[in-house]
Amino acid sequence: MRWWTFIGSKAMRGPAATKAQQGTADPGDGTTRHDMSDDRIVRPRLRQALCALALATLPGCSGVQHVLAPAGTDAGFLANLFWIMLAGAVVLWIFMNGLMVYVTRINVRQMSPKKAEALIIGGGIVFPTVVIACLLSYALAAMPDMRAEGTGTRLKVTGEQWWWRVEYWPEGADAPIVSANEIVLPAGSRSEIALTADKVIHSFWVPALGGKTDMFPGRETRMSLEPLEPGTYRGQCTEFCGDSHAWMAFNTVVLPQEEYDAWLENAATDAVAPEGEAATRGREVFFAEGCGACHQVRGTAATGKVGPDLTHLGSRTSLAAGTLPLDEPSLIRWVRDAKAVKPGAEMPAYDHLSDDDLSDLAAYLEGLI
Amino acid sequence: MSWPKILDRHQSLWFLITGPTLWALHFCTVYAMTAIYCEKLGDEAGPLRLGILGVTLGALVLIGITAWLSWRQWDYTDDWDYEHDGLTVEDRREFIGHAGFLLCVVSVIGVIYVALPAAFVGSCV
Numbered sequence: 364m365r366w367w368t369f370i371g372s373k374a375m376r377g378p379a380a381t382k383a384q385q386g387t388a389d390p391g392d393g394t395t396r397h398d399m400s401d402d403r404i405v406r407p408r409l410r411q412a413l414c415a416l417a418l419a420t421l422p423g424c425s426g427v428q429h430v431l432a433p434a435g436t437d438a439g440f441l442a443n444l445f446w447i448m449l450a451g452a453v454v455l456w457i458f459m460n461g462l463m464v465y466v467t468r469i470n471v472r473q474m475s476p477k478k479a480e481a482l483i484i485g486g487g488i489v490f491p492t493v494v495i496a497c498l499l500s501y502a503l504a505a506m507p508d509m510r511a512e513g514t515g516t517r518l519k520v521t522g523e524q525w526w527w528r529v530e531y532w533p534e535g536a537d538a539p540i541v542s543a544n545e546i547v548l549p550a551g552s553r554s555e556i557a558l559t560a561d562k563v564i565h566s567f568w569v570p571a572l573g574g575k576t577d578m579f580p581g582r583e584t585r586m587s588l589e590p591l592e593p594g595t596y597r598g599q600c601t602e603f604c605g606d607s608h609a610w611m612a613f614n615t616v617v618l619p620q621e622e623y624d625a626w627l628e629n630a631a632t633d634a635v636a637p638e639g640e641a642a643t644r645g646r647e648v649f650f651a652e653g654c655g656a657c658h659q660v661r662g663t664a665a666t667g668k669v670g671p672d673l674t675h676l677g678s679r680t681s682l683a684a685g686t687l688p689l690d691e692p693s694l695i696r697w698v699r700d701a702k703a704v705k706p707g708a709e710m711p712a713y714d715h716l717s718d719d720d721l722s723d724l725a726a727y728l729e730g731l732i
Numbered sequence: 070m071s072w073p074k075i076l077d078r079h080q081s082l083w084f085l086i087t088g089p090t091l092w093a094l095h096f097c098t099v100y101a102m103t104a105i106y107c108e109k110l111g112d113e114a115g116p117l118r119l120g121i122l123g124v125t126l127g128a129l130v131l132i133g134i135t136a137w138l139s140w141r142q143w144d145y146t147d148d149w150d151y152e153h154d155g156l157t158v159e160d161r162r163e164f165i166g167h168a169g170f171l172l173c174v175v176s177v178i179g180v181i182y183v184a185l186p187a188a189f190v191g192s193c194v
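Protein chains in written order, with this note's numbering: chain E, 364 to 732; chain R, 70 to 194.
No lab work stands behind these hints, which were simulated from the structure alone.
In this text the structure is predicted, and so the values were computed from the model without any measurement.
One should not assume that every hint holds.
Between beta-carbon pairs, the in silico distance windows are [stated by the list, open to error]:
1. E:414 x R:160: 24 to 30 Å
2. E:482 x R:145: 17 to 23 Å
3. E:620 x R:93: 47 to 53 Å
4. R:80 x E:511: 53 to 59 Å
5. R:93 x E:495: 17 to 23 Å
6. R:119 x E:609: 15 to 21 Å
7. E:464 x R:126: 41 to 47 Å
Here a beta-carbon is modelled for each residue, glycine too, at the ideal position from N, C-alpha and C.
This is chain E alone, in the form it adopts within the complex (with noise of 0.2 Å):
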């Protein structure tokens, strides 16, 4: 039985509703409709399931990479704003729907041209019309102060397929510090952010600090953001760029600026030399598998940038842009396969290493801090 002859079933009286009620009810065409008590039982479970959805998406409302957790000034003010028109809707929603109670069941009567048309034109001209151009007004007013030039860190970061390079600019220098999937900013200033794109278009936004920005291949544009608390806050790539779209995020760890300044000077080191036997080896087994043709690790003789820079790659918090922890089993599954962790990733897979020289491997990249 279709949902509409089960509705209509419980306006059926007599032999009718039984045979219905009895999954006999014929529509008519030479067909039997299956059982109602399917219906009964789908029902239930399409109201618990929608129940666990809700239940699902609860955790959204907070953490890392929420707009209503904000972190940031600008992500403040949008947050403000969005909590501002909800309130604005639901005072709408409740006025709105208790106008219509009022005049459909509490005083039913006719009301005269005159105050009908009042209330057209009322609440449905001049109320929409000021209340939208003062949410808009209000919206816009913030929009200098939210692209207001960065003061402090400069920085820019072009969208790759599927990751990000980081390049930071400080004040002075002529050449950039070079750095991958994960931005540092310090904590209590502006800074500025230069985007581009390598070759499809992406988007830039970490949510918990401010709105984000298209990146386009051959065109720079900019934002910048206002962290004000210290801690580490997911951003996600939010325009489709092709297959690993969903795995091109990057956290981005607000530092004091005393921990941001310290953390600068390291950035702009050379990479460590390895300790031990086993990075020792991986150093090794880097060089001989050519790593170094597409990735650099500054002072080493590894100089590619097709791919991201390794320098201090020991010092992330995560790898893959985003996608996996940095930690040992991490690494070794993704030098062993990294299509099988990101779909259509340059990177080819380097599954003919044994174990031991994966393992090697990935103490070398850990240790590189």
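Once you have looked at the hints, place chain R on chain E.
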């Protein structure tokens, strides 16, 4: 001279389309001005904002004139009549005036909303 044709307003749809057309033209003009100015003439948008103000005032005046003509054609204050579903020439004429007037009101709101960002955002960046 086709001017006397204005007496046959019940046959003309001009009042229906003039307001929204001016709104559309205003939108396109502001969009094009902004794109060209910001691409070619730099980040400070002072002259651009003045230009948008001028174009907006022009559009509002033209829509205002259309609204006034539509209002007269509606002839509301003559008989306070806002029902025009009869099959007479007067019904048809007043309906077109009434609808044209309301479309002008919507167009005024649209034009103001389109121009509003220029009142708050002072640079192209």
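Hint by hint, here is what the structure shows:
| no. | hint | result |
| --- | --- | --- |
| 1 | E:414 x R:160: 24 to 30 Å | violated, 56 Å |
| 2 | E:482 x R:145: 17 to 23 Å | holds, 18 Å |
| 3 | E:620 x R:93: 47 to 53 Å | holds, 51 Å |
| 4 | R:80 x E:511: 53 to 59 Å | holds, 57 Å |
| 5 | R:93 x E:495: 17 to 23 Å | holds, 20 Å |
| 6 | R:119 x E:609: 15 to 21 Å | violated, 46 Å |
| 7 | E:464 x R:126: 41 to 47 Å | holds, 44 Å |
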